[in-house]
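**Student:** Could you slot chain B onto chain A? The hints should help.
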Amino acid sequence: MIRAEIVKHYKTVHTWTGITCGFALFIAFYAGALTMFQGPIARWASPPAVGVAAVSLDNASRLLELVAAASPQARKDGIKLHLRGHENEPARVTWEEDEPHEAGQPHGHVHWWGTLNPDGTLLAKHEEPSELAEFINDIHMHVGIPRPWGAYFMGVVSLLYGVALIAGVIILLPSLVKDLFALRVGKNLKRMWLDAHNVVGVAALPFHIAMALTATALSLSGPLWSAQEKVIFGGKQAILDNLDNEPFRVPKPTGDPGAMMPPAQLLQRLKVQVPDLEPRFLVFKNFGDKAASVRVPGAQSGYVGDTHLGGVMLSAVTGDVLKDASLPSRQDPDRRASETFYGLHTGQYGGGTITWAYFFLGFSGAWLFYSGNLLWIETRRKNARKGGKVEQSRSTRLLGSATVGVCLGCVAGLSLTIVAAKWLHGHVADLNAWHAYIYYAVFLGSVAFAFALGAARAAVQLLWLCAVATMAIPLTTLLAWTLPVLDMWAHGSAATIGVDVVAFIGALCFAWMAIVTARRVKHGPADSIWSARAGALSPTE
Amino acid sequence: MPSDFRNDWWGKASAGAILGLGLAFSLIGLYAYLGPGGINAPGGRYSLMRYLEVSVWIAVFGFCFLFRSGRAAWAWLGAANLLAFAAMFACRFYFFA
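Read top to bottom, the protein sequences are chains A and B. Everything in the first sequence is counted per the numbering used here, starting at 1 for the first residue and increasing by one. Everything in the second sequence is counted per the numbering used here, starting at 542 for the first residue and increasing by one.
Be careful, since some hints might not be right.
[Said to hold, decoys possible] Simulated coverage check for chain A against chain B, where a stretch passes if three residues somewhere in it have a Cβ under 8 Å from a Cβ of chain B: (1) 5–17; (2) 25–35; (3) 157–163; (4) 208–215; (5) 471–480.
[What the hints assert, rightly or not] Listed next, the in silico EDC-like pairs over lysine to aspartate or glutamate satisfying Cα-Cα at most 20 Å (straight line): (6) A:8 x B:549; (7) A:8 x B:545; (8) A:11 x B:549; (9) A:80 x A:127.
I should point out that these hints are in silico values taken from the structure, not numbers from a laboratory. Every value quoted in this text rests on a predicted model; they were computed, and no experiment measured them. Where a beta carbon is used, it is the ideal one built from N, C-alpha and C, also for glycine.
In isolation and in its complexed conformation, chain A is listed as follows:
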């Protein structure tokens, strides 16, 4: 039996770790839930293009030859041959080139795609792809704080999140059986929210443990690696580093030309040698050389972390497997364990079921932090009432405003920046920069709005903003489809229509929340943070 004083002690730990990290975790979980559909969102946001199908797999050899001749850098660093025909694959082949820079200095890359003209010549174009999905992922990883501080910040937040989980379980243990299966719906709203907070937290505990561990490790990778190099290996770890990169090192070009195996035949050779690998694209290096290689990343079903790093390297001449140590089934035990951790974070296993499960678990996590903050606020109110006061203290009001502004600002900002992918395309020079401008403007504006109006009033209006912004996603697609004069696009694939359908349902949820919150603001207890009638919210105080 856990002593009461320890439980009380851990309640404080849980509260303070939760309150300090709740905001950042809400953003990470909400944006993280969206990244489960990073692919479909990228496809939704990609303008119509030449497409993969414009060059058949049989003609791809010719295209690769032309690109390798036209761009020495692409030939050396890799030409990507796409196989799936998704909307975010602009053509059969794509490659990257360095921006002009001084040797050895950090620099950006420009993106190219290539296809065949009707007369069989190369048509290559430099075009930056939509980075909307990457932007959402960046918000997920760094909650909008610039590099490298965002990663460090999230590392510390994730660490404290792990502590909060341990504390939460210790608090709940003595009354686990009694409290867990009781969702006391009724007059005592705070009791009901606490029951819901507990049941959602415990039911998703394995997910949260996996997230706390992996998020801390992934955010602090750099510092942890350099520290372990010094502390553990005394600077003699280069040997491990070397081993780590071995499966990806390509054979040195010989300088002698070789006959390249056609891609269709390469895929057949792959199927024979590694039957359970599903390739997504092929990366050719040193095309035309006798030592040319082709890297085939792809999922090997039945493994956690199946798509990350997994894959094989073939000879582009013979199609024989050159390296397969990065294939899930061939990884060494430590690598397998490491990729399992990674896959548990990203939900790369179990196919569509797990993708959807993570999507909802991500939302449930975001809700956990939102409800946790509100529980703290309501507890403070109760304590204050006992002392004879019913006014909200300054700290509860500020926390209430911050909770509403940060959480709903993130939701509305992400929805509007998604919408902008279609409306602003072709109208601004650097659309990828605009995704950031729009997100930050909406996010910071919402936070300011929440502080200016107080949590109760701001929550209703911001929830309506979230509903409208999210509804704008399917409406934009509908408009694009009905009014071609707008020069936008409406893709017909199931994945992109899925984005619209999910956004439609999400918008209805936000609208429902706005209505329910508005009711509480009008009719709920006047001393609650959720009341517009409370004296605490009057400007005279």
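**Tutor:** Leaving out everything else, chain B in the frame of chain A:
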């Protein structure tokens, strides 16, 4: 029941954060030297160690509030650090003489 349990927030938290990280590096260091394959293990170990390190770190940090006082947390975790680091450094000098 008389109790000497103290609410030393900062004493316990600092012990958990600092000595937890120390214990993480020293224990996972032992795994790196003495685990299957030793220091010549394939490269995956390099990538795995961070996950193991944060597991130890979070566990120590999370459970360190069970100590009676901040002083007790620093004493016990400090002693554990000394032992683990001694063993880890012994391995380092043995393998990288």
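**Student:** Give me the numbers of the hints this structure contradicts, sorted from smallest to largest.
**Tutor:** 2, 5
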